[in-house]
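Asker: If you want the building blocks of each chain, they are given just below.
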Amino acid sequence: MTKYIVKRLLLMIPTLLGVAVLIFFLMRIVPGDIVELRFAGESAYAQKENLDKERARLGLDQPVWRQFLSWMGGLARFDLGTSMWTGAPITEEIRLRFALSLQLAIMATIVAILLAIPLGVIAALRQDTWIDYVVRVISIAGLATPSFWLGIVFILGLLIIFKWLPPMVYTPFWVNPVQNLAQLIWPALAVGYRYSAVATRMTRSAMLEVLREDYIRTARAKGLWEKLILSRHALKNAMLPVLTVIALEFAFLIGGLVVTEQVFNLNGLGLLFVEAVGHRDYTLTQALVMLVAFVFIFVNFLVDLAYAWLDPRIRLR
Amino acid sequence: MIPVRSRSAAHRGLVAGLAGWLLLSLSAAADAQERPRYGGELVYVVPTEPASYDGHREGTFALIHPLAPIYSTLLRFDPNDRTGTKVVGDLAESWRIAKDGRTYTFKIRRGVKFHDGSDLTAKDVKASYDKIVNPPADVISYRKGQYTAIEAIEAPDPTTVVFRLKWPAASLITALASPFNWIYKADILAKDVHWYETHVMGSGAFVFVEHVRGSHWVGKKNPSYWDKGKPYLDGYRALVVKDGNAQVAAVRAERAHVQFRGFTPAERDSIVQALGPKVTVQESPWDCVLLVGMNHEKKPWDDKRARRALTLALDRYQGSQALSRIAIVKSVGGVQVPGTPYATPPAELEKLAGYSHDIAKSRAEAKRLLKEVGVPEGFSFSLKNRNVPMPYEPVAIWLVDQWRQIGLTARHEFIESTKWEADLIAGNYEVSVDTQCSYAVDPDLDLYKFQSMGISGNNYGRYVDKTLDDLYQKQSRALDAEERKKWVRDFERRLLDEEAHYFYTLQWHRIIPHSAKMRGWTVTPSHFVNNQLDGVWLSE
Chain C
1 MTKYIVKRLL LMIPTLLGVA VLIFFLMRIV PGDIVELRFA GESAYAQKEN
51 LDKERARLGL DQPVWRQFLS WMGGLARFDL GTSMWTGAPI TEEIRLRFAL
101 SLQLAIMATI VAILLAIPLG VIAALRQDTW IDYVVRVISI AGLATPSFWL
151 GIVFILGLLI IFKWLPPMVY TPFWVNPVQN LAQLIWPALA VGYRYSAVAT
201 RMTRSAMLEV LREDYIRTAR AKGLWEKLIL SRHALKNAML PVLTVIALEF
251 AFLIGGLVVT EQVFNLNGLG LLFVEAVGHR DYTLTQALVM LVAFVFIFVN
301 FLVDLAYAWL DPRIRLR
Chain Z
1001 MIPVRSRSAA HRGLVAGLAG WLLLSLSAAA DAQERPRYGG ELVYVVPTEP
1051 ASYDGHREGT FALIHPLAPI YSTLLRFDPN DRTGTKVVGD LAESWRIAKD
1101 GRTYTFKIRR GVKFHDGSDL TAKDVKASYD KIVNPPADVI SYRKGQYTAI
1151 EAIEAPDPTT VVFRLKWPAA SLITALASPF NWIYKADILA KDVHWYETHV
1201 MGSGAFVFVE HVRGSHWVGK KNPSYWDKGK PYLDGYRALV VKDGNAQVAA
1251 VRAERAHVQF RGFTPAERDS IVQALGPKVT VQESPWDCVL LVGMNHEKKP
1301 WDDKRARRAL TLALDRYQGS QALSRIAIVK SVGGVQVPGT PYATPPAELE
1351 KLAGYSHDIA KSRAEAKRLL KEVGVPEGFS FSLKNRNVPM PYEPVAIWLV
1401 DQWRQIGLTA RHEFIESTKW EADLIAGNYE VSVDTQCSYA VDPDLDLYKF
1451 QSMGISGNNY GRYVDKTLDD LYQKQSRALD AEERKKWVRD FERRLLDEEA
1501 HYFYTLQWHR IIPHSAKMRG WTVTPSHFVN NQLDGVWLSE
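Protein sequence lines, in the order shown, are assigned to chains C and Z.
Using this note's numbering, you'd call the opening residue of the first sequence number 1 and step up by one each time.
Using this note's numbering, you'd call the opening residue of the second sequence number 1001 and step up by one each time.
Treat the hints with care, since some could be wrong.
[As the list claims (entries may be wrong)] Some, not all, of what chain C presents toward chain Z, calculated at C-beta under 10 Å: (1) 18; (2) 21; (3) 22; (4) 37; (5) 49; (6) 50; (7) 83; (8) 92; (9) 93; (10) 152.
To be clear, the hints were calculated from the coordinates, so they are not data collected in a lab.
None of the values given here were measured: they were computed from a predicted structure.
Just so you know, even glycine gets a beta-carbon here, dropped at the ideal spot from N, CA and C.
Chain Z extracted, bound-state conformation (with noise of 0.2 Å):
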């Protein structure tokens, strides 16, 4: 579990000077002993807009937020467990792996009914499946890489469905799960495979209603759902709100309860200020975290005792102090988040480069190196950031002057988003702010990016490292938790510490104040997870 409770504990202590009022964590206990009650219209805001409808084709939680009620998925993250990691069945009643680790079945729940009242059976995820792992020349599968291991979907009755894979797959139910993949209907998808990038039709809690491009997105019950007794809200509306203070005012007018992405430590004290004791806040680590990414084409980070230099020179638990208190950041971490079933616990995690608390010693050490390389005292590189207030602006202010402590003058170049990224894949760029994010904690889906470029689509880096493929490789097909453990150990030191091909800054932060009204909703450290809103109801 991740320790949320005491690291919100401490947050609220900072947060009760201001306003008295945090009542961090508690709803989810307060929840199990309250009894829902049906009725209501939960409104929230979503921050920005999908390109198109269809989850296979997107990657962004702006489609996931309005959408997600609507649909469902074989697999889903556990709605109560606040690591996001423990998977259960959606469709899927159950589920048995083959010893062998290459076979998957599943057993699909009767009686589940379409929007448009037809049956929902294993040949409906079977076509939603291939349209996802194996799609026609035509369509874009946004996910398909992740799907690699997978050889074969059957279904040879209404209720079973078979996943037969080439080699054994250690994320196959993670993958499963994935917040992404809808489960759309065989004939419309027979008739017309593009059909769900413009229209909405799922067999979730919530039946679609309408979505007015720019403004709103409306969902009403599913009286025909699955599981009988939910979901207890009558409706969802979901408005499309881009500006930050615009997002923070429509929350603490109660025009919204909710904004599902997450706040900053400054809009949640404005909310709990002004709300009190009709705020709720959840906080968590966040499974996104900001990354120093440095051009191994260019000198002097081609030579890693620079590399190492540059993560050497943070001070990670002082800058988690100060920062956490500024931005969306907050705890250390390394390749997986801090509490997860495969993060490094934190004394070995003080063993790799930069995560020493001898800062003096690690700086010194940093700077031994950069004379070793000839980099000399006063060297000035660029370091791109995009343009994004937070948390990229004040994570790299925090870096100049971490690198500023070893003698080098990082110049921040804050560019457009967009020129930002071109310059990362063009290769056009010394040192660069970089940025992941996964819809689920999990080394295959965490680790992908560090791959090899020409394996990884956004190494940008730009380095080859057969030894670091190999160990992703390892870890993904070991099917003991405490082998894949040790491979994604070895990973980790592998690509922040011995070759330090790129590293961590500090792991974003989550932050959702809420209505108190809300409840039967935990918070996890993906954005991209439990939204389907079947639980969710409000208690006036």
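Excised from the complex, chain C in its bound form (with noise of 0.2 Å):
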């Protein structure tokens, strides 16, 4: 098992080392340059000398294999830089928001849980009944509604209604609970009901394939109580592909709540992503890029070890 995990731990350098060199050279295709955004653009006062001090500061003006070897040299020692528009250290910015994205996505998942599993477990139970034609409808309507839309419907409706916005400043949890749940509470259901629409279906048919199979059968056969059949045989194996679905949508939500964070006002990571790139900011935007592809990986890691855990077939080698 000890050997497994480290083989995988060193698997993923490879895996950010290509994140690394594509994100790097992407960056520099896209047309656009930082420096004549801040300094020319709308500013008829722009002056060469300026473009070109601001270039030199920023190591633009160095050869693109230069700037390469010193992003990888900032890499490999952990650190990486400052950011370009703002010139604060890049972990500075994402300590800022990281905080308040990994909250939302906790709090989503814990949404997404909560409607998913038993929606998607009773759906199958009652497999073409009412029930079930209830939860597809519910899951559906999850599925083709966008978090943002929704958000919006959340806002519009407590203003309208109840002429109330949450609070447009972030709070953490531990200064002020109810401050804090006030805010984001409601991007929560938001992202979380369309989060649980794709997870319950996914635990509905894991379900229904689960319990046709054989062991589902013999456990019956030898006259196990049904609720213990379904919470120990039929429900942690059919939890397999729902848990790589939440864990890849849990990694999602780390940083692509873009339009949804805008809607809600939150000082999260989708928004500085976009303004990342919006800005040309190659080195934020190289952070951000490392940051979720190292979520995306280190998440896929735990998803393998809690296979094993999961499903006793599994062994981890």
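With the hints as a guide, bring the two chains together.
Answerer: Structure, rendered in structure tokens:
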């Protein structure tokens, strides 16, 4: 097991290296230039000397291969550098937003799990009954409804009916839990609902498949209590694909909630990502891509470990 | 004065049907009679954030709105002047201009203190302006080009600053009132000239408390402010809200008193409808405009007859009526905001290509010119535009329709802002929507862009016109207002009519619906000025 974990951890390195190379060169292909954006653009007084000074300060006057080596050298030292746009350390820019994005991802995941697993299991157990149909309608509606649209509906509903709007500034949970939840519960519900739709359908189909397995029939033949069959044998095995879906969605939520963050005015990583790309802030964009790639890879790794626990037939060697 | 009241009154009529509440422009008069109330925190929304904290280095309102209350400037624009052109002293108690217009002597107020408790003197003003006018090699001064006339800055004693010029500069006073020209502490600059890029410390009406990037800014009242009795507010909080709908929701839900940049007509109506008498709306022509740039290096736009045809096709008056209902554009203007000192009166403006009320005649002339150049009926070209919906999208759609009426087919390319800008800079376009915004209505600021490529950093028309450059210099050095007006008109005629290098669509229109509790603030044509908040107060 230890050997497997070490091997998997080491395998992350070439994957992250590949991502680093790809994002570095992709950013250089995209048209637009941070220096012109900041110091030319709308200013008629833009002077070439200003542009040259800034290019030199940012290291953009260096050949691309040298910029690449400098970036890779920083990565090797776990130094993400500074944002080209703000000059602030990238770790600081990410730290400011990470807590909010992580909390929102966790809350949305909890909402999704609380909805998806009971609904998916009930739909599977009551296949082709009205209960199943209702669950299927709920989940298909969730798939068809973008979370940001639901967010807008929440905002408008709160504004028009209650003349109230969630707080606009993030307060950490440990500082003021009420204020914190008053702000994040709405986006968590909006995102969690869409997220649950995917997981509900996956839970339903996985449960249907598992309930037809020989070992379930054997358990029933042995006279085991139905609840025990469902919880210990069926649900546990049906959770394998559901876990994958939930984990990948969770990783996506860390940096992918751009529009939802906009709608609820959340200072999260998604908006930071879009701004970094819009500003052609190479260093910040590259760091954020690395962060998201790392989250995806790490979550996948955890899912693989969880597989072994959920299904004893899987042996990690 | 800008005829804001009459324009606003017209608008009020439109909105009245929707909501019935639009308390336009009355607040200023009411404020004068009311006694300001002390206390409270003004909460406002800022739609974006600056890259650094250094006003000398940045060009965005996103820095001005949250940090102008912290700083003082040598001069400022009168906070009660709706034209945003009248300059008054801030740190300068008085000033004197030599007869030859080449020496400006400013007397600095005594008793002004920085927020760290030290005295602000002429030495600090000199050090700040030295940084702006003659920055050290590794320092960027965003507006250095506006101060080329300055030869030397002297501080002969703690209360006197002297600017000596190489030549007379008609716009110097305006340039010295720039809301970006914050006065920094000389000792700090001497130790680290980059300190103010990452730190905030001024001498203004409010003291900096915190900035949480992506979230908010906070300032609190400066008890040692030089203007005794001010500020009225205990403090302010600027919330960073990037999404337009969320900004409207913040004002509608009374989570914020105001957003100082501006809202669209639909957003104004939504706020007015929701808040009724709890909201006051102030409006003004805006010193921002969407231009049409034609690449002079591409055919047929190298021929002024083809360029003239494009501007002749526009029915600006009808466009103003239709577009002002859905977009932040309204006034028909030339190179200066209508109603401001150097603006061309409507009767004279009508003589320029594309400004006639007889649109049928203009379009017939446009077709004749196109035929003369050899542009066939149905000629197709691309119109590049940035993917910012308001007001770029509706104005571009209007342009496409106007040109269709003279037999031209414009393909609207709505592209990402950064790419659009890169294409303009590289000359990778045929015809494009372009933009111009100034921090104050002033001929030097507003006309600089249109000088020849190589002089102007963003002349995307890619032309060289020595006559136009000469006219710019003449107006810039004319100290007599009437003489300057004449040169500005000549410049305008050459730019928009004779050569049709560029042309103006419609002036932007600034709409500020704000909580009726907020008093002591007057809208101006610039969203860069009147943000020091020292005279603002809350009635409840």
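Asker: Give a verdict on every hint.
Answerer: For each hint, the structure was consulted:
no. : hint : in the structure
1   : 18   : violated, 26 Å
2   : 21   : violated, 23 Å
3   : 22   : violated, 20 Å
4   : 37   : holds, 6 Å
5   : 49   : holds, 9 Å
6   : 50   : holds, 5 Å
7   : 83   : holds, 9 Å
8   : 92   : holds, 8 Å
9   : 93   : holds, 7 Å
10  : 152  : holds, 7 Å
In summary, the structure is inconsistent with hints 1, 2 and 3 from the numbered list given earlier, while agreeing with the others.
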